[in-house]
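Enquirer: Below are the chains, spelled out letter by letter.
Number of protein chains: 2
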Amino acid sequence: MALSEFELIQRYFAHIVPSLQNISLGVGDDAALIHIDDNCELALSIDTQQTHTHFPEHAAPQDIAQRAFRCAISDLAAMGARPLCFTLALSLPEADEHWLENFSAGLTQVAQEFSCPLVGGDTTRGSLSITMQMQGSVEKGTAIKRSGAQAGDVIFVSGFLGGAAAYVELLRQGTPESEPVDHARELFHADYYQPLPCIALGRAIKQYATSAIDVSDGLLADLQHICDASGVKAILNVHSLPTRPELQETFTQQATTLALTGGDDYQLCFTVPEKYAHNVIKLGEDMECPLTVIGSITEAANGEAIITCLKQDGSILDISTLANTGYSHF
Amino acid sequence: MALSEFELIQRYFAHIVPSLQNISLGVGDDAALIHIDDNCELALSIDTQQTHTHFPEHAAPQDIAQRAFRCAISDLAAMGARPLCFTLALSLPEADEHWLENFSAGLTQVAQEFSCPLVGGDTTRGSLSITMQMQGSVEKGTAIKRSGAQAGDVIFVSGFLGGAAAYVELLRQGTPESEPVDHARELFHADYYQPLPCIALGRAIKQYATSAIDVSDGLLADLQHICDASGVKAILNVHSLPTRPELQETFTQQATTLALTGGDDYQLCFTVPEKYAHNVIKLGEDMECPLTVIGSITEAANGEAIITCLKQDGSILDISTLANTGYSHF
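Chains A and B, in that order, give the protein sequences. Sequential numbering of the first sequence, starting at 56, is according to my numbering. Sequential numbering of the second sequence, starting at 56, is according to my numbering.
It should be emphasised that the hints constitute simulated quantities derived from the structure, not laboratory data. Watch out, some of these pointers could steer you wrong.
What follows is a list of derived Cβ distance ranges for each label pair [to be verified]:
hint: 1; chain 1: B; residue 1: A245; chain 2: A; residue 2: A115; range: 44 to 50 Å
hint: 2; chain 1: A; residue 1: E359; chain 2: B; residue 2: E152; range: 15 to 21 Å
hint: 3; chain 1: A; residue 1: H238; chain 2: B; residue 2: E152; range: 43 to 49 Å
hint: 4; chain 1: A; residue 1: R227; chain 2: B; residue 2: A69; range: 35 to 41 Å
hint: 5; chain 1: A; residue 1: T108; chain 2: B; residue 2: H107; range: 17 to 23 Å
hint: 6; chain 1: A; residue 1: F169; chain 2: B; residue 2: G286; range: 52 to 58 Å
hint: 7; chain 1: A; residue 1: D92; chain 2: B; residue 2: F169; range: 35 to 41 Å
hint: 8; chain 1: A; residue 1: A245; chain 2: B; residue 2: E241; range: 56 to 62 Å
hint: 9; chain 1: B; residue 1: H333; chain 2: A; residue 2: F169; range: 46 to 52 Å
Simulated coverage check for chain A against chain B, where a stretch passes if three residues somewhere in it have a Cβ under 8 Å from a Cβ of chain B [stated by the list, open to error]:
hint: 10; stretch: 150 to 158
hint: 11; stretch: 184 to 197
Note that the coordinates shown come from a computational prediction; the quantities given were computed from them, not determined experimentally. Just so you know, even glycine gets a beta-carbon here, dropped at the ideal spot from N, CA and C.
For reference, chain A alone in the conformation it holds in the complex (with noise of 0.2 Å):
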């Protein structure tokens, strides 16, 4: 599209958000905030994965429901909201009840694993399309936002970065599918169709973390949303990047890329003061969750909202130069 999806919603959307009392948060963070009573919020998001855009035409039914499911609930574990329950609307060009055994067999097994129960849906005739809303509910005040990182906070992201965007990757490349499955493959493989969503850890680091985003869009285009959203510039380590042994290995000079722009990892990126960094450090260790320290906060100079990304040496990477790997399309 000519337009981004940003800015389409800001231009088409973002205004159909009369101001009212209940709305805590409306368009244009992870999740939006209904305020339901003086205890709790409610955390609402909706996504959609679509043949061709999210996954290849041919992917297990299974894959793609699990899929689906993880990439939508990942936006609650953005905004450290607990799951209630999600909706499906699903359209199907033909009933094939092996494909729709398969595609509940899955999504049977996510929700359980998520105890996140289905709760409504629709079903249409119409090109394979998943959308599925997720209701979370958060304590509140304590949801965080993409707004509120602040000059002096280190920048954290957890788990592996890079992993996705490498399988994409290798499909691009031609692997065929049915190719003697590798260990990396495999690796990556599970990376794409069943991110772990951190569901725990947004819980547990709301305590400290001025600001969080799932990565979705890829780390580059996800942290310039904080910086947007919180109006601060990003200074950024690349050196420091979390991936795997095997991202290194089998990609070498591009897996810097990838674990810049690659998008589809739904690790959590967010900020927190450096005062609490050591808490959220210990906090990682308890929860065997790796997390990493990526770069710091500073003022945007001039009101620009950008991210430097510095080079082990210390000189800066020019991110206008990267590929971006950050929206598939198969």
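Once you have looked at the hints, place chain B on chain A.
Expert: Same frame as chain A, but now just chain B:
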């Protein structure tokens, strides 16, 4: 599809609902009900509209937006819920700015009419598809479900039936959209694209109604859902069906079929214990909302939750001979 939507949902999705304390009502009613606090429940309903299935390819974007919103919010009316906010997942083949401007204008207008703001969404590239989820709230334990109808209840329907189906029928007969518009066609067009979701009516009848559904698939199909969910039988007086004079004039013989099986009217069909029928009639008069008694509920002999249609002379109309116009494809 070989499977009906209802069968498909029952077979593959109805079980993905672990029994959780906070889910008051899951898959299979107009909306799901989520327990929020001691006073209120959240009503959730998700709906998809697609080109060719729900509107013709060149329908005006304002009309598409209005219709999608009105159809989606109608499910809240059928539960007696108050609209809270909505989300939008929009799939577009291209970012046509003229189309988007008009779609946005139509959506803004109708969202304001119902004081129901857009709080979040997702846009993807693909064939045109509009999924909206409506969030509503309802006082705890007072939502009108499909399952409460009892022998001795009378059956009401609001407004007029068959108008939306008449518009679809005119298109099917090949009357060009551009033809000089006569009064009847204008009415049917409005019935189709601008149905009037009965939010206020749903709120008002809540104290009397034992069951309710909005007429989206056609009166027979939707009343059948009430019979199935409640385990009762319905006697429908076909000569009592409320239709516009214009429907009779334009379609004569076919008018009854359109009123019985034509979907997309988004009127409320609901049941009320006989002793409260006069209260409901009074209520309709006060609200200037036409309400018609169209039949009654009896016990389901041998558990057969069927509908019997009586003609004015007391003979039975064989509904198996009616062409189903309840699910339209353009």
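Enquirer: Indicate, hint by hint, whether the structure satisfies it.
Expert: A quick look at each hint next to the structure:
no. : hint                          : in the structure
1   : B:A245 <-> A:A115: 44 to 50 Å : holds (46 Å)
2   : A:E359 <-> B:E152: 15 to 21 Å : violated (28 Å)
3   : A:H238 <-> B:E152: 43 to 49 Å : holds (48 Å)
4   : A:R227 <-> B:A69: 35 to 41 Å  : holds (39 Å)
5   : A:T108 <-> B:H107: 17 to 23 Å : holds (20 Å)
6   : A:F169 <-> B:G286: 52 to 58 Å : violated (34 Å)
7   : A:D92 <-> B:F169: 35 to 41 Å  : violated (23 Å)
8   : A:A245 <-> B:E241: 56 to 62 Å : holds (57 Å)
9   : B:H333 <-> A:F169: 46 to 52 Å : holds (50 Å)
10  : 150 to 158                    : holds (count 5)
11  : 184 to 197                    : holds (count 4)
The structure does not agree with the numbered hints 2, 6 and 7 stated previously, though it agrees with the rest.
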